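Asks: Read top to bottom, the protein sequences are chains U and V. Quick note on our numbering: the first sequence kicks off at 1 and runs consecutively. Quick note on our numbering: the second sequence kicks off at 1 and runs consecutively.
Quick caveat, the hints were computed from the structure, so don't treat them as lab data. You can trust all of the hints, since none of them are fake.
Facing chain V, from chain U, some residues (calculated, C-beta under 8 Å):
#1 88
#2 89
#3 91
#4 158
Every beta carbon over 10 Å from chain V, so not counted as near; a handful from chain U, in silico:
#5 22
#6 27
#7 30
#8 38
#9 74
#10 78
#11 104
#12 105
#13 109
#14 124
#15 142
#16 150
Quick caveat, the model's predicted, so the values are computed rather than measured. In this text, a Cβ means the ideal position worked out from N, Cα and C, and glycines have one as well.
There are 2 protein chains.
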Amino acid sequence: MKNLEALENQKAPSPETVPAFRYEPRASDREHIRELVAATGHFSPAEFDIAVELVEERLAKGPASGYEFVFLDDGDALIAYACYGEIPCTVGSYDLYWIAVDPARQGQGLGRLVMREVERLVHERGGRRLYADTSGSAQYAATRSFYERFGFTEEARLRDFYAVGDDKVVFGKAV
Amino acid sequence: MKNLEALENQKAPSPETVPAFRYEPRASDREHIRELVAATGHFSPAEFDIAVELVEERLAKGPASGYEFVFLDDGDALIAYACYGEIPCTVGSYDLYWIAVDPARQGQGLGRLVMREVERLVHERGGRRLYADTSGSAQYAATRSFYERFGFTEEARLRDFYAVGDDKVVFGKAV
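So that you can see chain U by itself, here it is in the shape it has in the complex (with noise of 0.2 Å):
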C-alpha cells in the first residue's frame, strides 16, 4: 500500500489552533476517510476502498483488527488522520498504513502533528520499528521526501512490484 502525506512547507501550529487528537473511529469516519483520501488526488478509486476497509475492520473487530488511528477533527470535519498497526508475527514492527490530511488544511503542520503522534504511540507500546510503504515513482517524490523529513531511510526497493515500472519502496526508521 501507498501512504501519502503530500504538504510540503509545513510550519508548527499555532496552539490555539491545535485540535485535540482522537483515537476510536466512528462509523461516519468510513465516508469521512473516503472523502479525505479523495480529496488528496494522489490516490485511485482502489485505494479508497481498502483505505476504508481498515476503518471497517477496526469498527467491526475492536483492536482485535490490528489497526489503530489517529483523528484530528475540526468539528465534524476530518482534517487529518493515520492508521498504523503492529505487524503479525513480529516483536515490535509496526507499519503506518495511512497518512492523509486534507488538501485545504495543508501547510499548517498537521502531518507532523500526526505523524509525532504515532510515532509515540508504537513507542510506548514497545514498537521498535516503524515502517512506511510507497511509490517510486516520480508521482510520490513528495511522499518520500516526507518521510525522509521524519528521518525514515529508505530499506528495501521491490522492480515493478506495484507495476511494470513502478517499484515499491520501503522506508523504516527506529522509533
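Knowing the structure of chain U, use the given hints to seat chain V on it.
Replies: What follows is chain V alone, placed relative to chain U:
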C-alpha cells in the same frame, strides 16, 4: 509472514501417486491447515492462527477475500497446500502467503508440485511477479534454499524486522 516448505531431496512423484489438486476450501480445512502447519514444527501458535485466518477469510468472503488456495488431499487427509493472492493495489504482483507439506509426506516432490501449480495459476491470471517473505534466521535456511531452487532471488532484506536479529527476506521471481 514467513513461508515454509522444509522438504529436501525432492524427487518427482511416480505418476500413479499424483493426487488431484483442489482449489475450493472446505470448512474442515481450518482444522486440517492448523494441524499441518503445526506438524511442520517450524511455526508458532500465533502463526497457526494466521494460517487459519486466511482460509476463514476465504470461506467467509469467497474470491473477494483475495486469498487463493491449492490443496492436495490423500483421502480425507490434507497433505500439502499453498495460499497465495494478488497483492492489493498492484498490477500483477502476487504473494505466496503459505506453502506447507505434511512432514510424513515430505521428500515425495509434493512441494514442487504445489509450487508449480501456483506459478501456473498466477501466470494464467496475468500475474508478472510472485513474492515470498521469510526469515533470515538460521532456522529458515532450508526455506530460503527451497525458494532459491525454484528460481526466487533475494530482492530485499529488512534488518531486525521480525525481532532484533531476525531479518525479513523478500524473495521474488518472474512468473
